[in-house]
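So the chains spell out like this:
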Amino acid sequence: MPDHTEQELKERLSLIESMIAEGRRNTESWGWTFVLWGVALYAAFAWSALKQSPWAWPVTALLALAATILIASAKRGGYRATTLGRAIGSIWIALAITMFALFGGLGVSGRFNDPHVFAAALCAILGLANGASGLILRWKAQVACAAMWWLAAVAACFGTDDQSMIALLAAIFLGQIVFGIYGMIAEARARKRRIPIHA
Amino acid sequence: MPDLPELNPVVHGRLRLALLSLLSAVEVAEFTWLRAKTDATDGNLGAQLLKLEEAGYVTVEKKFVRRKPQSLYRITEAGRRALTEYVQALRQLLGPSIGAQS
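Which chain is which? The protein sequence lines are G and E, in order.
In terms of my numbering, the first sequence opens at residue 1187 and continues consecutively.
In terms of my numbering, the second sequence opens at residue -12 and continues consecutively.
The shape of chain G in the complex, shown without the other chains:
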C-alpha cells in the first residue's frame, strides 16, 4: 500500500463502521422524554391529590404532550428515515393514542374510580410499549424496564389502594426517571465515542 499508511486505512474502516452504526441508531436523544413524562405523571398525581381537580390529568397530559412536541422539534437536528425507526416511532405514537383514548374516556365517563385498575392498566400499557421497543432493538435495558412495568401491573392488582399507588409511583420512578437518565447518559457516551471527521 504505497500511497496510504496502514493506520490511515484502518481509520477509514473504523469511520465506515462508526457512521453505519450512527445511521442505524434509533435510541438517540429520546431519554429526556422518559424523564419529562415521569415528572408529568408525578405532577398530575400531586395536583389531583392536593386539589382534587378533575382537570389535573388532562391538563398535565396535554402540557407534557405540547412540551414533547416543542422540545423534539427544537432538538431534532434534521430528519432521517429507517424502517426500524418507523417501527419504534409507531409503537410510541400508538401508546400515546391508547393512553389518551382509554384514560380520557374513563375520566369523562366517570368510571375512573378504582385506583387498582388505573395503576395496573397504566403499568401494563407502558410494559407493552417498552417490551415491544426493547425486543425490536434487542436492547436488554429496555426489556428489563418492560419486565419491571409488568411486575408493577401485577402488584397494582393486589393490596390496598395506597399500596397499589405506591407500586405505581415506584414504577414511574424506575421506568421513567431512572431509565430516562440512563438513556441520556448512554446517548452522551455514544456522542463522545463518535469518530471526528475532517474532509
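Just so you know, not all the hints are guaranteed correct.
Counterexamples of contact, computed for chain G against chain E with all Cβ distances above 10 Å [to be verified]: (1) Val1225; (2) Gly1275; (3) Phe1289; (4) Gly1317; (5) Met1351.
Capping the alpha-carbon separation at 25 Å, the derived lysine to aspartate or glutamate pairs in DMTMM-like fashion look like this [said to hold, decoys possible]: (6) G:Lys1326 to G:Glu1373; (7) G:Lys1261 to E:Asp29; (8) E:Lys38 to E:Glu64; (9) E:Lys38 to G:Glu1197.
Residues of chain E clear of chain G, computed beta-carbon distances all greater than 10 Å [said to hold, decoys possible]: (10) Ala5; (11) Arg54; (12) Pro56; (13) Thr63.
No wet-lab data here; the hints were simulated from the structure.
We put the beta carbon where it would ideally sit given N, CA and C, even for glycine.
On the provided structure of chain G, position chain E as indicated by the hints.
The following block gives chain E in isolation, referenced to the frame of chain G:
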C-alpha cells in the same frame, strides 16, 4: 503476487466516506441530519454531497416544507456498490493486519 486494488478517490475522502456510510444505513436523510452527524460546515458538506451526486452515488430531492427548504439525500445503487467495493479494497490492502485493528 496479485495486484493491489486502487481505492476509489471519490469515496476515499473522509467526509464523503462518512456521508456514503451514513446514507447506506438509512432510507433517506435530510441535509441538516447529515450536518449534525458529521459536524461539517454547510459549505463543505454541500460541496462534498455535490461531488457524490455528480459521481451518481447519491440523489437529492429538494422541496419546501412549511416554507422552509428541505434537501433529502438517498444513496443510489451505484453508491452502495462503490462503498462495498471500497470496503473490499480496504480489506484487501490491509490483509492480515486487519485482525489487529482495535
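We went through each hint and held it up to the structure:
1. Val1225: Holds: least Cβ distance 27 Å, greater than 10 Å.
2. Gly1275: holds (13 Å)
3. Phe1289: Nearest chain E Cβ is 32 Å from Phe1289 (chain G), so the label holds.
4. Gly1317: Correct as stated: the minimum Cβ-Cβ distance to chain E is 25 Å, above 10 Å.
5. Met1351: holds (42 Å)
6. G:Lys1326 to G:Glu1373: holds (16 Å)
7. G:Lys1261 to E:Asp29: holds (18 Å)
8. E:Lys38 to E:Glu64: holds (16 Å)
9. E:Lys38 to G:Glu1197: Holds - the C-alpha atoms of Glu1197 (chain G) and Lys38 (chain E) are around 22 Å apart, at most 25 Å.
10. Ala5: violated (5 Å)
11. Arg54: Given that every Cβ of chain G is farther than 10 Å from that of Arg54 (chain E), nearest at about 15 Å, it holds.
12. Pro56: Since the minimum Cβ distance to chain G is about 13 Å, Pro56 (chain E) lies beyond 10 Å and the statement holds.
13. Thr63: holds (16 Å)
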